[in-house]
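Novice: Between the sequences and the hints, there should be enough to build the whole structure, so can you do that?
Below are the chains, spelled out letter by letter.
2 protein chains.
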Amino acid sequence: MNLPQTLVEIVGADGVLAGEDVRSRFVSWVDQSPCQALAIVRPASTEQVTRVLAACHAAGQPVVPMGGLTGLVRGCVAGPGEIGLSLERMHRVESVDPINRIMTVEAGVPVQVVQEEAEKHGLLYPVDFGARGSAHIGGSVATNAGGNSVIRYGMTRDSVLGLEAVLADGTVISSMNRMIKNNAAYDLKQLFIGTEGTLGVITRLVLRLREAPRSTQTAMVACTEFADVTQLLKHMDAALGGALSAFEVMWNDFYRLVTTPPAKGSPPLDQDHPYYVLLESSGGDATRDQAQFEAALGEAIEAGLVADAVMASSEAQREALWALRDDVESVFRLGMPVPFDISLPVTEMEGYVAEAMGRLEREWPEYRRFALGHLGDGNLHIVAAGPPSQAARHGIERCVYEPLAARGGSVSAEHGIGLDKQPWLGLSRNEAELALMRRLKDALDPKGILNPGRVLPA
Amino acid sequence: MNLPQTLVEIVGADGVLAGEDVRSRFVSWVDQSPCQALAIVRPASTEQVTRVLAACHAAGQPVVPMGGLTGLVRGCVAGPGEIGLSLERMHRVESVDPINRIMTVEAGVPVQVVQEEAEKHGLLYPVDFGARGSAHIGGSVATNAGGNSVIRYGMTRDSVLGLEAVLADGTVISSMNRMIKNNAAYDLKQLFIGTEGTLGVITRLVLRLREAPRSTQTAMVACTEFADVTQLLKHMDAALGGALSAFEVMWNDFYRLVTTPPAKGSPPLDQDHPYYVLLESSGGDATRDQAQFEAALGEAIEAGLVADAVMASSEAQREALWALRDDVESVFRLGMPVPFDISLPVTEMEGYVAEAMGRLEREWPEYRRFALGHLGDGNLHIVAAGPPSQAARHGIERCVYEPLAARGGSVSAEHGIGLDKQPWLGLSRNEAELALMRRLKDALDPKGILNPGRVLPA
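Taken in order, these protein sequences are the chains called A and P.
Take the first sequence: its letter number 202 is residue 202 in this note's numbering, and every next letter is one higher.
Position in the second sequence (first residue = 1) + 1000 = this note's numbering.
It is worth saying that the hints were derived from the structure and are not from the lab.
Ideal Cβ positions, reconstructed from N, Cα and C, are used throughout, including at glycine.
A couple of the hints might just be wrong.
[As the list claims (entries may be wrong)] Chain A residues, not near chain P, derived (Cβ > 10 Å throughout):
no., residue
1, Asn-2
2, Val-11
3, Ala-58
4, Gln-112
5, Gly-133
6, Ile-151
7, Ala-212
8, Ala-307
9, Val-328
10, Ser-330
11, Gly-335
[Unchecked claim] Chain P side only, calculated, beta carbon under 8 Å to chain A, not exhaustive:
no., residue
12, Val-1022
13, Thr-1143
14, Thr-1171
15, Met-1179
16, Tyr-1186
17, Gly-1283
18, Asp-1289
19, Glu-1366
20, Arg-1368
Specialist: Here you go:
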């Protein structure tokens, strides 16, 4: 078999990019150097994906599934000798069903298009994150993307009812379930959610939609002790009875950075508090929801959990509060950013941050350090910034990752493992877990052609 | 190896039941004939489970994991030539952590004990179903149990953060994650949730708890058209903004049965409406929640979705409404009950019920037929009752299951497959899905000793 010719026969001449056409594309969103892949194959249907994979499988050709290339761990980067399998031509929204509250899409649909299609029907696709405009829904499922609303709606896993995926050998697994409850034997979709394209290529999805909230209440509060932050989470969650939709925490250093020029933001609260929490609830009735939110916050203030608070009274004010949380650019201004996405039980967080930050201060004093996170989900983002240096990057990684192991933390909360986090995977997973993952990989992709070397060692 | 002697050495003489000690136990909750197993082995620790499985694996001895034996599909019934592996001696609540809102337990703890332990800390373990007092938490995870609160809190799958399981060969997979977000490679717990003990034996669990609701609002309403029922679900879900916690539907025949003597219940609403919905919301503030619930229901009445309604104004009234929904005994009085647990998209339900009921009426006129369900989750329970007969049972099954296939329905919403539903599994799963399940089974249990012949054919 002449593989290049076979691929052209399957997807058409337009469907295969090679040479300069590959080089003219970026490696990814974060690495804008020329793509080094052997070729980029762009099937237009599941049937074409099947035939492409069957041909590559027969030839022992490594294949890297490509979504919107917005991943942050090099899980989707096709390199020399590899074929990139891009789902970009499979971008059809097949149907939106407002009564069953489901949407059926091809994997190449951008996440933002899914959100917008849902909105047209008064519905919500609840997974949301910064890269929504470029990220493909298929990639977001393959990486089990998180985001800001996990505390309310769960991870991407919780918004997938059914899917269709193609195994390494071209076998189509069509498991397009539309129900919330379905215990008819093994739930096969779980094999493809969060496994980063190493067990199969997701081609189509049945997504679960929710009724769109009709009101949003937002506040920024300051806390003096970390224990107040964790109690506040419990209190607001209980008092709002299911309506809490964001609980984002900024440590003092980050808050100070993003509320001090040259940052664009100004401080809605004094800069001297140890912790700042961005709180949001969303519900079905603006007037009642606002009253409930204010009452719950009032109780927190009375109980001494909150030192100071400001409530957004307009959409502009709400956006200004979120802009502080989202202002990572201010960190980028300080030099090479080394960002982290980790998770650990909230009771471990204070001690962990003290330990990791202390180590960073001692070992890499020329780097500034910041902590913030989706605390409601145990998700912490740490960012260090300073002079560009590969040695420093690795050293900083040690300071951040190593203290996680003893605390039962995870080296990846929501970004996956890809290539970049693989050296650290052993801190969060034990030998038996890794061996079982390998057993699964061998069972589903015995030749190891799918995204080889990502997540698990080659 | 002398297997019986080895097993006694591992778990002690007390730990192995044989002969009359086995025969004196029931097969299961629904079949109270004597257990026919070769032996029942009762390990007291994960280490003992490991050694028991390693010994059985070496001997090629079939093993059936046993929880509280409350399953309804013979997934946990150890028969002749099989060893029952009971987790009944592993019933320790290891810890409750109210800040991280997690509980760590051994698999043999009854579901009700989990619920009660959570309550002691102002928390909620949200999975609830009738067999709570006997069902083991491990069995409920292995079967991904559903229940009445799935619409709000999801299936059991959504309340499991981490677990420990032992593979057929005795390998321990300890994956005791405590975080909501953890994308450090494959999410191995998914292999053991809902696979009914065919891929491993769950020994320990980290459960996710929620803040306990502080108030509950309950109403029974009547609807004239099925389209009103589905619109009502959407309306209440949106208007209550996350607080809707039950949406149970009864078709007229069932409602009439349970509100007419000799049934204990009396009709809170006229008996002439086609559909009755038991609605519940739960929240964080009794006064506000009640106002919101009344307002949402008022809107539904104004919009013509609801023909009549009654609200529970006391706990006794609430219990009386739920007692109607839960009164399956009234069906049992009519003869041999043939109960079904299926799911399908709500838009398919009206047509499906008409078709299945029509077929039952034509083919099995001497059986009475009833429909009710957790409509919010697409879960429908159909019950036929009449003269005891195995032939009738099979014929009734055909009437109920066969019309599901064309509608994308599932032969098992929440009860699993076990032995009983295996003949029908092909109506809900295609060849490729079944082949992939088999590939998983072969990869994890190559000798096929774990719960052989359950879920998948032997």
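Novice: Does each hint hold? Answer for all of them.
Specialist: So, going through the hints one by one against the coordinates:
1. Asn-2: 29 Å, holds
2. Val-11: 22 Å, holds
3. Ala-58: 19 Å, holds
4. Gln-112: 21 Å, holds
5. Gly-133: 22 Å, holds
6. Ile-151: 8 Å, violated
7. Ala-212: 7 Å, violated
8. Ala-307: Ala-307/A clear of chain P: closest Cβ-Cβ about 20 Å, beyond 10 Å.
9. Val-328: It holds; Val-328/A is separated from chain P by about 19 Å at its closest Cβ, greater than 10 Å.
10. Ser-330: 24 Å, holds
11. Gly-335: 28 Å, holds
12. Val-1022: 29 Å, violated
13. Thr-1143: 7 Å, holds
14. Thr-1171: 6 Å, holds
15. Met-1179: Check passed: Cβ of Met-1179/P comes within 4 Å of chain A, closer than 8 Å.
16. Tyr-1186: Holds, about 5 Å.
17. Gly-1283: 3 Å, holds
18. Asp-1289: 7 Å, holds
19. Glu-1366: 30 Å, violated
20. Arg-1368: 25 Å, violated
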